[in-house]
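Asker: In order, the protein sequences belong to chains A and B. Per the numbering used here, residue 1 is the first one in the first sequence, and the count goes up by one each step. Per the numbering used here, residue 1 is the first one in the second sequence, and the count goes up by one each step.
One or more hints might be untrue.
[To be verified] Partial list, computed: chain B residues near chain A (C-beta under 7 Å):
#, residue
1, T38
2, I174
3, I179
4, S191
5, F193
6, A365
7, V376
[To be verified] Just a sample of chain B residues kept apart from chain A, beta carbon distances all over 10 Å, derived:
#, residue
8, R66
9, L153
10, N192
11, L196
12, Y206
13, F224
14, A354
In short, the hints are calculated from the structure, not lab data. Note that CB positions come from ideal geometry on N, CA and C, so glycine has one too.
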Amino acid sequence: MTFLIQQTLIYAIPLMIVALAGVFAERSGIINLALEGIMIFGAFVGVLFVNIVQQMGTFDAAKADGNWVALQGFMLLAMLAAAVMGAVFSLLLSFASVNLKADQTIGGTALNLLAPALVLFLIRIIANQNTLQMYTGDAASWFMIKKSFFGYGRSDEMGFLGSTFVDKTYLATYVCILLFVILSIILYKTRFGLRLRSCGENPQAADSLGINVYRMRYAGTTISGALAGMGGFVYALTTANCASTGDVAGFGFLALAVMIFGNWKPLNIAGSALIFGLFKCIAASYSSIDINGDGIFLLKEIGISPHFYRMLPYLITLVVLAFTSKKSRAPKAEGIPYDKGQR
Amino acid sequence: MKQKGPTLLSKDGTKSVLAALLSILIGLLVGGVIIVITGLATPTLGISGVWDGIRLVLLGIFSTGRDAAGALTFGFNSTNLGNMLFRATPLILTGLSVAVAYKTGLFNIGAPGQYLMGTAASLMLALGIPTETVPAALVWVIAFLGGILAGTLWGCIPGLVKAFLNINEVLACIMTNWIAANLVTWMFDGSNFRNLVENTKSGYIYKTTYNGVATAKLGLDKIFPGSQVNGGIIIAIVIAILMYILMSKTTLGYQLKACGANRHAARYAGIADKRNIVLSMAIAGGLSGAGAALYYLSGNTEFFWSTYQTLPATGFNGIPVALLASSHPIGVIFTGCFMSMLDIVGLQLTNLTAYNEYITDVIIATIVYLSAFSLVIKMLISGHGKRKNAAAPAAPAEKKAAAPEEKSASAGEGPQSAKGGNEA
Chain A
1 MTFLIQQTLI
11 YAIPLMIVAL
21 AGVFAERSGI
31 INLALEGIMI
41 FGAFVGVLFV
51 NIVQQMGTFD
61 AAKADGNWVA
71 LQGFMLLAML
81 AAAVMGAVFS
91 LLLSFASVNL
101 KADQTIGGTA
111 LNLLAPALVL
121 FLIRIIANQN
131 TLQMYTGDAA
141 SWFMIKKSFF
151 GYGRSDEMGF
161 LGSTFVDKTY
171 LATYVCILLF
181 VILSIILYKT
191 RFGLRLRSCG
201 ENPQAADSLG
211 INVYRMRYAG
221 TTISGALAGM
231 GGFVYALTTA
241 NCASTGDVAG
251 FGFLALAVMI
261 FGNWKPLNIA
271 GSALIFGLFK
281 CIAASYSSID
291 INGDGIFLLK
301 EIGISPHFYR
311 MLPYLITLVV
321 LAFTSKKSRA
331 PKAEGIPYDK
341 GQR
Chain B
1 MKQKGPTLLS
11 KDGTKSVLAA
21 LLSILIGLLV
31 GGVIIVITGL
41 ATPTLGISGV
51 WDGIRLVLLG
61 IFSTGRDAAG
71 ALTFGFNSTN
81 LGNMLFRATP
91 LILTGLSVAV
101 AYKTGLFNIG
111 APGQYLMGTA
121 ASLMLALGIP
131 TETVPAALVW
141 VIAFLGGILA
151 GTLWGCIPGL
161 VKAFLNINEV
171 LACIMTNWIA
181 ANLVTWMFDG
191 SNFRNLVENT
201 KSGYIYKTTY
211 NGVATAKLGL
221 DKIFPGSQVN
231 GGIIIAIVIA
241 ILMYILMSKT
251 TLGYQLKACG
261 ANRHAARYAG
271 IADKRNIVLS
281 MAIAGGLSGA
291 GAALYYLSGN
301 TEFFWSTYQT
311 LPATGFNGIP
321 VALLASSHPI
331 GVIFTGCFMS
341 MLDIVGLQLT
351 NLTAYNEYIT
361 DVIIATIVYL
371 SAFSLVIKML
381 ISGHGKRKNA
391 AAPAAPAEKK
401 AAAPEEKSAS
411 AGEGPQSAKG
421 GNEA
């Protein structure tokens, strides 16, 4: 059970935060199809940051002393770097779709093509292979929270909550949850959030009330880029052992599905991200999941192909879309370039 | 709109070509700048490395390797040119797939999935039917048609949900892409189609020559000795011409385009809009499937079957091929060749310098990015000519009429604005 929850969270959290990234862009009226590309770019920047700082040896002393507070701070800095560069990368999309009134779908597709190409080009030159890894050590030994941090010995039990939510987890997971909550509140309970949402529903009305639609759309897309970039790094950190390969296995597109599945509302998105995370977790490790702890691997016994579990999230999204498309509440003005002269 | 057609078209055609050339130029420029920056920042490359890199990006297709002194040599390289045509074959067809859908107001980002399904179907048929009893040529035809059929069916799914449930086809396509990727892996996992004879090749499916099936060379291998080129490129060009005739000279093509321009107006005019949306996606899917079949039936290509984490780049590269050609079926032939030329250039870069092939993907991505606002570029180009006052208000007027109806299908906005550009 502990294993199941931890694994599910590992997959669900990047999905959740990137889906929220999608919400910020779409609620401001920009379709952000580039989530996948921004994630790839963010993952690369984060890993590169870790790699370079490790090369400089800044945190070697902290690592040797077991000063885990400093190491967690290091990880947060890497997340910040990924977020900043993700935001910068997303400016390409906002410039094209806000200033040049370009087709947002094609613009997003272009970024999705650009990110892996650029990242792989640089990785090959930097690392002379197709993967950029940490300079030394692995993600678990540098960044994972372990029970020894809190004075527990190797054989001490932390209890169910402790061993599930503290031991062998990443701080990044909780930072993402915190950010998710804060940003959801900002989106719904602040003046800025209301203005942002109004630009996605009826930009003409928003403009008539003195809201700068262009600036709001830039804000939405930039926040979106920052979150997606960070989500990409968190994905690379927690599931790929802090390595960047120019690929996030379709997580960006899955996040788009989560966003639609969650009807562009944060709470529903959190729920659907957990469901999708569960499927991803089952697909990745179905043969070693022991639900009730009796030593029988139930899912393996049933004998359903792992390919089926891998396919399931996409299949469900399509089916759910089919049934809910009538009720689906997409922001009304998304995808339409704002033109001041238009009524 | 129709009586204005020919004169506007010819003008718009030249503008499109200019815009495409400008996009290519900027794309190459961006690639060049990245080559210069990374070259100067990397000690192993230096100035001479940068010079080699830039020459290869521009002239890589004529590269003949390095001479004894280590300097790059250039000249007629039949292997490169033949391989360019060979790789252009699937690109032309996926490009056509995206182009046809785009003409009818749909953004077919599902080409990778359709391509995969086409691959799986044609490989299974080509390897599964025993050539002892059935003539190899017939097997080839069956496999080719099977690939087309599989792509068609896969393309129908987004078309159906778009037409009847009004689900954005971009999302449906993305979902079907990943479903296809998992499905194909599932179908080949544990099957007898995997190459178990050659060591370390079990990740791949057998070449179709294993069953004696291969596309006829049609003498092209004599013209381009040492290359993989075969008759597929001719089939692709014929299909492109057929698509041109279908789209511009037949009632069906007119109906499809009318649905793309304004679905509701088309229905008002008595055109079955739902049927046409499904049909257009089916044609698009069939074209992608045909591309996959031609590529993998060639007899010297191997398919990596465990593809559930990656989608074929050929499918995605259909998007730049189509956009660069302004979705014109004949233009697609040339842009397809251009894209495959970039492919070859990338290989030359990897083999001959410390750079790698991904720089050409950066160039392609830049071109796609530019084509997102091709409207602005076209306006810049026409800004140098004389500007018609009457045409200026016409464009926003048409867009205004189209925008409210299209908001549920946001991606349908693309062709709308392109239409608006025709008037300006």
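Asker: Confirm or reject each hint.
Answerer: Here is what the structure says about each hint:
no. : hint : in the structure
1   : T38  : holds, 6 Å
2   : I174 : holds, 5 Å
3   : I179 : holds, 5 Å
4   : S191 : violated, 12 Å
5   : F193 : violated, 16 Å
6   : A365 : holds, 3 Å
7   : V376 : holds, 5 Å
8   : R66  : holds, 20 Å
9   : L153 : holds, 15 Å
10  : N192 : holds, 17 Å
11  : L196 : holds, 20 Å
12  : Y206 : holds, 21 Å
13  : F224 : holds, 28 Å
14  : A354 : violated, 7 Å
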